[in-house]
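Novice: Take a look at the letters that make up each chain.
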Amino acid sequence: MRYSVDENGYYGQFGGAYIPEMLYPNVEELRENYLAIMNDSEFKSEFHKLLKDYVGRPTPLYYASRLSEHYGAKIYLKREDLCHTGAHKVNNTIGQIILAQKLGKKKIIAETGAGQHGVATATVCALMGMECIVYMGEIDMARQRPNVERMKILGAEVIPAKSGSKTLKDATNEAMRHWISHPVDTHYIIGSVVGPHPYPDMVARFQSVISDEMRKQLNEAEGTEFPHYVLACVGGGSNAAGAFYHYLDEEKVKLVAVEAAGKGVDSGESAATSYLGKPGVLHGSKTLLMQTEDGQVVEPYSISAGLDYPGIGPIHAHLFDTGRVKFENATDEEAMKAGVELSKLEGIIPAIESAHALAALKKLQFNSSDIVVVNLSGRGDKDLETYIKWGQY
Amino acid sequence: METTTINRINQLFQNKKDVLSVYYTAGFPKLDNTLEIAQNLEKAGADIIEIGMPFSDPVADGPTIQESNKIALDNGMTIKLLFDQIKNIRESVSIPIILMGYINPVIQFGIENFCKSCEEVGVDGLILPDLPMAEYMAVYKEKFEAHGLKNVFLITPQTSESRIKEIDNNTDGFIYMVSNASTTGAKGDFSEEQLVYFDRIKQMSLGNPTLIGFGISNNSTYSQACEYSSGAIIGSAFIKFLGSEGTSEDSIKKFVKDIKG
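Chains as they are written, first to last, in the working numbering: chain A, 6 to 398; chain B, -7 to 253.
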């Protein structure tokens, strides 16, 4: 595949494994084993059984007739919000926890922004009886309190990241530090297509179940596996990577990634990495990164805790660089409006992250026969406070 | 511009045992302390100076060094300013100088430009913990060597014997032996397990000298490290000291004397 990772862990100029020596043995162990484990029939059967019986896959591909009428196109929603735990994140954590067990690991650490990945990790740790520590930015803990409590109920320890911006990037730093200090028995479940190789590739493969199902479901519904558009929001980019995965080499399918513009891309309070970033190294890979002229990482901002990350996965940096994926962005305001619009038109309250993808519907020109799939990555229960505070509904 | 025929790091290890390398963050505690601390460290008897280039997201460092990075950045420290501050450092400091930091600010400064600036001010080596060996070999080695810069690799208790040998073959400065699975600033005396690791590395008789770092905070840990290697590296303890005792010649002399005994 043209857009796959190469043998050195790069997507074009992006990717790699820029890690301190302290992490090298762990990452190398994973790199040497992940493909063999994932391709093993026993692993596959355990993974798919849990996806079916525990996660509730396949998730529906729902034809949103009122939304379609509103935008003048045939709009389908890939209902990742109906996954157990409320978002696509669990596809990856199920995969990684089985993998961690096969590697003989006893303990799990994770980072989380909105809390969806943290909840998904805490859930699979409970399922498998493994010890779980989740790092979460102190600010995110305050704005995503229900998810913090969910993780605790599930038996996880949630540790506040108090450094830097006290959000996702700092939670990631703290998790990496923890891993450095516990290299032998601990597996780090990274929640997005970020981090050192092989994480971006491994997470994308686990999430690729989304586009795999889309193709089959669309074929049943429309007699073609190929929509005209696939839309997904991008913070680190795991739901987008999964939604795009099996379409990457199908150039006729237009792929649209939607970033969080926050208060506006030029407002100084934004997380629109493809627009504001330049090539740099953070959290173990070379990617597009929001940074100062001196290479210090800029603290991003978005109303959605899951999208305010200063980088994007290296695969997305490459897809942006090559022009394969069109990058759009949506402000807080645009996303909130789109979230409320979906709620009123279809009876589905989306996560604010996913609402960013919906907001892009306004920015594209469709023909009435165009088939559009929006990856509805998560549900809005965790965001009720934010919706209520915003108040315009 | 100074040209060096023999690198100061190689020269130092030819006839020096019990080497003490001291790390501090440029721009901490005050923006303009950088040169003064280097001069006082030499006067106090330190053997190598490691100047940290602050970074917003130092994942391999513990809270003490991270906090000093933040203060330095808030003070306005940049790589460009650092080079300006140490432009004439070789007029007053003769011991080896190493710059330590993360790769992203260096990439943004421009690798070639960075190496050239290092050579101009008389920097002898670099420690870039998140620069992978494969990347170093493919892209950086030639540039570093063209400007007389030694790249210092880290090894840890988990680094395999074959990788240690590979590292040993790919450098000729010294090897930074991380004492334990931890970030910088871990506390207490060395455990039996750590001493076994130190001895294992000693028995490998590597081509390069080794310095033990992470967890060196007093004369006891320094002396133990020196039994198994060419010396030790101290960072967090010195940063804490600078924060509380200041940067004067007298106080830094006291710090070094307490460590060296």
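Keep in mind that the hints were calculated from the coordinates and are not lab data.
Some hints here could point you the wrong way.
[Stated by the list, open to error] Coverage of chain B stretches by chain A, computed from C-beta distances (three or more under 8 Å per stretch; other residues unrestricted):
(1) 1 to 9
(2) 19 to 33
(3) 91 to 101
(4) 141 to 148
(5) 213 to 226
(6) 235 to 248
[Claimed, not checked] Below, in silico cross-link-like pairs of lysine-lysine (PhoX-like), each with a Cα-Cα straight-line distance of 20 Å or less:
(7) A:K167 with A:K257
(8) B:K135 with B:K108
(9) B:K62 with A:K167
(10) A:K171 with B:K62
Fair warning: this is a prediction, and the values are worked out from it, not measured in the lab.
Note that CB positions come from ideal geometry on N, CA and C, so glycine has one too.
Novice: The structure should be examined with respect to each hint, and the outcome stated for every one.
Specialist: Hint-by-hint comparison with the structure:
Counting residues of the stretch 1 to 9 of chain B whose beta-carbon sits less than 8 Å from any beta-carbon of chain A gives 0, not enough to reach three: the coverage restraint is violated. Look at the stretch 19 to 33 of chain B against chain A: 0 of its residues bring a Cβ nearer than 8 Å to a Cβ of that chain, fewer than three, so the hint is violated. Counting residues of the stretch 91 to 101 of chain B whose beta carbon lies closer than 8 Å to any beta carbon of chain A gives 8, which reaches the threshold of three, so the coverage claim holds. Counting residues of the stretch 141 to 148 of chain B whose C-beta sits closer than 8 Å to any C-beta of chain A gives 4, which meets the bar of three, so the coverage hint holds.
Counting residues of the stretch 213 to 226 of chain B whose CB lies closer than 8 Å to any CB of chain A gives 0, so the stated coverage by that chain is violated, three being the minimum. A stretch counts as covered by a chain when three or more of its residues have a beta carbon under 8 Å from one of that chain; for the stretch 235 to 248 of chain B and chain A the count is 0, and the coverage is violated. The hinted pair formed by K167 of chain A and K257 of chain A fails the criterion: a straight-line CA distance of about 45 Å is larger than 20 Å. Between K135 of chain B and K108 of chain B the CA atoms are separated by roughly 9 Å; this keeps the pair inside 20 Å, and the hint holds.
Between K62 of chain B and K167 of chain A the CA atoms are separated by roughly 13 Å; this keeps the pair inside 20 Å, and the hint holds. Between K171 of chain A and K62 of chain B the CA atoms are separated by roughly 14 Å; this keeps the pair inside 20 Å, and the hint holds.
Of the hints listed earlier, those the structure fails to meet are numbers 1, 2, 5, 6, 7, in rising order.
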